[in-house]
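In UniProt numbering, the protein residues as written are 1 to 182.
Treat the hints as calculated values from the structure; they're not laboratory data. Be aware that one or more of the hints could be misleading.
Okay, the calculated beta carbon distance ranges per label pair [said to hold, decoys possible]: (1) Ala126 - Gly156: 14 to 22 Å; (2) Glu160 - Glu29: 15 to 23 Å; (3) Pro88 - Thr67: 25 to 33 Å; (4) Gln157 - Leu69: 28 to 36 Å; (5) Ala145 - Gly42: 34 to 42 Å.
Each residue gets a CB set at the ideal place from its N, CA and C atoms; glycine is no exception.
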Amino acid sequence: MKAPFSTASAPSTPPLAAIVHRRGDQADELLARFALDLRDSGWRIHGVVQRHCGSRRLKAALIDLDTGLHFPLFHQTGRWSLACSPDPGCIMAASATLRTALETRSDLAVANRFGTLEAVGSGLAAEMLALINEGQPLLTVVSEAYLADWRDFTGGQGAELPPRRAALDDWFVGVTHARHAS
1 MKAPFSTASA
11 PSTPPLAAIV
21 HRRGDQADEL
31 LARFALDLRD
41 SGWRIHGVVQ
51 RHCGSRRLKA
61 ALIDLDTGLH
71 FPLFHQTGRW
81 SLACSPDPGC
91 IMAASATLRT
101 ALETRSDLAV
111 ANRFGTLEAV
121 GSGLAAEMLA
131 LINEGQPLLT
141 VVSEAYLADW
151 RDFTGGQGAE
161 LPPRRAALDD
171 WFVGVTHARH
181 AS
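Sequences are here, hints too, so could you generate the full structure?
This is how it looks when you write it as structure tokens:
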């Protein structure tokens with residue numbers, strides 16, 4: 001059951017936001033819990049969240065919010081290699097979920113993060129830009145290390161949120177009020 005949150009918000013809330021984090025803030029877990037809570041409350045949420053797996057063979061995975069499928073984020077480059085690189089299949093799967101968000105005009109699109117790949121125009125950059133250009137709500141995570149790149153990418157038009165649940169709730173209330181008012 002969709003119900004607006006009880007907090008008040010400004011009508012000028014931008015539909016684009018990033019949780020700005022430092023190492024150890026657990027922003028990935030915050031984003032995942034927020035998206036899943038909204039989905040479980042009846043909101044149409046599409047996209048991917050990142051889960052840290054902590055094993056040597058699987059360091060991180062992206063989880064499709066629609067299907068629950070896990071996609072290994074990195075593929076190993078060799079048995080004894082310490083290097084890892086993004087798995088192209090994982091990026092393609094994440095891209096498809098964001099395109100679904102765009103096509104279905106979901107209540108919220110979630111991209112696991114704006115990072116190294118997106119800063120150079122790769123990764124999920126094209127899908128994120130398409131959502132931004134359509135004015136669809138988009139929430140992601142960005143490290144302080146990539147904050148300047150994020151601001152360049154968005155033209156400084158996005159909200160920058162602290163890694164706190166109340167900040168996400170307030171932002172989403174503002175976005176939903178703005179969408180329903182227009």
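Verification of the supplied hints:
no.: 1; hint: Ala126 - Gly156: 14 to 22 Å; result: holds, 20 Å
no.: 2; hint: Glu160 - Glu29: 15 to 23 Å; result: holds, 19 Å
no.: 3; hint: Pro88 - Thr67: 25 to 33 Å; result: violated, 19 Å
no.: 4; hint: Gln157 - Leu69: 28 to 36 Å; result: holds, 32 Å
no.: 5; hint: Ala145 - Gly42: 34 to 42 Å; result: holds, 36 Å
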